[in-house]
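Visitor: For reference, the chains in residue letters:
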Amino acid sequence: MNVPVTFVERAHRGIGNRSTAAGEVGARRMMSHRIAASADYPAMEEMRDQARRIRLYALGHLDELLARFSDEVEGAGGHVHFAADADEAIAYIRKVAEETNVRRIVKSKSMVTEEIHLNAALEAHDLEVVETDLGEFIIQLSGDTPSHIIAPVMHKTRQDVGELFSEKLGIEYTDDPTELNNVARHHLREIFLSADMGISGCNVAIAESGSIVLVTNEGNGRLTTSAPRIHVAVMGMERIVPTLSDAAVILEVLARSATGQRLSVYTNIVTGARRPGDPDGPEEFHVVILDNGRSRVLAGDAAEVLACIRCGACLNVCPVYREAGGHAYGFTYSGPIGAVITPSLMGLAEWHDLPYASSLCGACLDACPVRIDLPGLLLKLRRDAVSEGLGPDGLEGALKWFTRLATNPGMWRGATRAGGWSAKLIARQGWIKSLPGRGSAWTDYRDLPAPAAKPFHARWKERQRES
Amino acid sequence: MPKVQLFVTCLVDSFFPEVGEAVVAVLERHGCTVEFPFDQTCCGQPAFNVGYHDQARAMAEHTIKVLDGTDGTIVVPSGSCADMMINHSPELFQPDDPIHAAAARVARRVKEFSSFLVDDLGITDAGASCEGRTATYHPSCHGFRNLGIRQQPETLLDNVAGLERVELPDAETCCGFGGLFSVEMPELSASIMSTKLTNVEASGADLLVGVDVSCLMHLAGGLRRRSREIEVKHIAEVLAEETRT
Ligand code: SF4
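Top to bottom, those sequences are chains A and B. Under the working numbering, residue 469 is the last one in the first sequence; the count climbs by one each step, no gaps. Under the working numbering, residue 234 is the last one in the second sequence; the count climbs by one each step, no gaps.
Next up, chain A with everything else stripped away, as it sits in the complex:
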């Protein structure tokens, strides 16, 4: 089987299949929850503006905020490691695991650890890694990858999960969600109690207190950060905000935009390791702050994308995401945010087709709680792709030819008339049913109206002569 390498190839696998259909239903459901959540909350628009201001302020003061954050974490007995890339982040986490004799690791949901393929890297060194978010647990059990940044298994039905659990966990088949949930809970509970290390992501980091904030709806975040001896939080370097009240604004728009909740069920604010007298909590607390291309993005003209709070709202409204499915984007981040952030972080050389995976309809910008101009950023990435010689195949010649006509009115008029005449040869009742070569990209899916025998400018000229 060929490994699909382009967006279009991956999308072709997704279009019309059962997983994509399940994902589309989920995306539409999440979209209506979001819309309902802002409809009953008049202050939402103002909150979005505030959240945007906070995020842009943070991006403008990143060095200073991260320095403060790092001082505060260390002041609270934690350790901070700045990792330039995935390898450095992985090496640090392995070193910590080695020094503290870690064998078994539990994880709560984290896109940034997906971004650096942390699980595979740790497993390669004989560490056992178990995902504890139900969705991520299902992903791990089935050897799959997330198709949505908030709901990683949106492409699976409960029947899929039932079959998976009965095969991998040896239970009797059921597709009852509550029962499936209990099975996972029971299975994971044992693992939590024997885990040496918990690895979490970080939804927001607070500079003034050196805290990391985690939101979950399952409570697995709490266990991950408090039950094992060691807690490692991995965060993209842009996750920071200045104060606790800033974090509160972000959490509110995040919950409303992601799932339509007023607030996620569990909000954990973790500050440092266990202090003397604390009844529980980890002995060691480490924060890995990951760059992995972010500094470069910050210095460019698409820095705004780092304001993203990973709510997934732009995925849910995106017609391309809904038809192609999240896996078509080929990387951790999917939908419009994926089409922008993957090539921004990882480079256009490998990902130059992603910015073209959009009709530029703008629904993402409408939905984005921090009003990131995703269509504008897609346009910038397309411009960059073209200037690096990575534009879509075969387009340049045609566009150059078209531009020559369009900048030469005499030739333009000649060409439109010629188009009209030649269309007569292949059109039936004003419509063309099939075109050869690249034209078939249109006529394989829809009829093409024939160019007019007499273009508008010719009719205008005639009218003037008559009057």
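What the hints contain is simulated information worked out from the structure, not anything from laboratory work. Treat each hint with caution, since some may be false.
Calculated lysine to aspartate or glutamate pairs in the DMTMM-like style (CA-CA distance at most 25 angstroms, straight line) [stated by the list, open to error]:
no. : chain 1 : residue 1 : chain 2 : residue 2
1   : A       : Lys435    : B       : Glu190
2   : A       : Lys463    : B       : Asp108
3   : A       : Lys463    : B       : Glu17
4   : A       : Lys456    : B       : Asp86
5   : A       : Lys435    : B       : Glu173
6   : A       : Lys463    : B       : Asp86
7   : B       : Lys(-8)   : B       : Asp43
Add chain B with the ligand to chain A, keeping to what the hints say.
Guide: Below, chain B with the ligand without anything else, positioned relative to chain A:
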């Protein structure tokens, strides 16, 4: 009598001249003197949207030069071309380039056809009639999201005698055209289109109306592979029909 310059767009010029004629008829009926700068071609949007800025700049420059010396509102029967000319053409030129200033002057004069009628001329009833038809309106994305065009064409349709307007389910979702997206990723474009057409059919309309011939030609071409019962028209064609006396 307001004088207007018609920028008819490359698609209307070559594929849908009757839409251009309908625009002229409606504008003249409402007292406008219509001029057509003869050397106009394409605003450059197709190249701009796929990142070919050199080509887009050349076409935008040509368009700006053709229009800058004229006077009156520049009426464009397309939301997306109007959006290009208003929001993108100026940024293709360095601020110290004289074309930049000309582009900004032109941008300030550009107005999409239906919003020109309603917002500038204050017309809500264009005096058209279309007996016994049921229409639904698809708000094409660029005009709708970037220029706020929706209620103007809907109002105009609501006041067409004999025409009943029904809501299009999920109207604000893209039709899947997306310019060259329609041929660069045709299968995706078509599957988004098919969702849209299902909604058009579900609306119960026998007439689909829009303000962008680009999306309309994609939808009309798709409808012909499904059913021939639903007619597709640019709003100017509806407004030009059978004037009431
Ligand atoms: S880009 Fe905006 S809408 Fe999309 S995930 Fe990020 S914050 Fe949410």
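Visitor: Hints first: check each against the structure and report whether it holds.
Guide: Results of checking the hints against the structure:
no.: 1; hint: Lys435/A to Glu190/B; result: holds (22 angstroms)
no.: 2; hint: Lys463/A to Asp108/B; result: violated (30 angstroms)
no.: 3; hint: Lys463/A to Glu17/B; result: holds (17 angstroms)
no.: 4; hint: Lys456/A to Asp86/B; result: violated (37 angstroms)
no.: 5; hint: Lys435/A to Glu173/B; result: holds (19 angstroms)
no.: 6; hint: Lys463/A to Asp86/B; result: violated (34 angstroms)
no.: 7; hint: Lys(-8)/B to Asp43/B; result: violated (33 angstroms)
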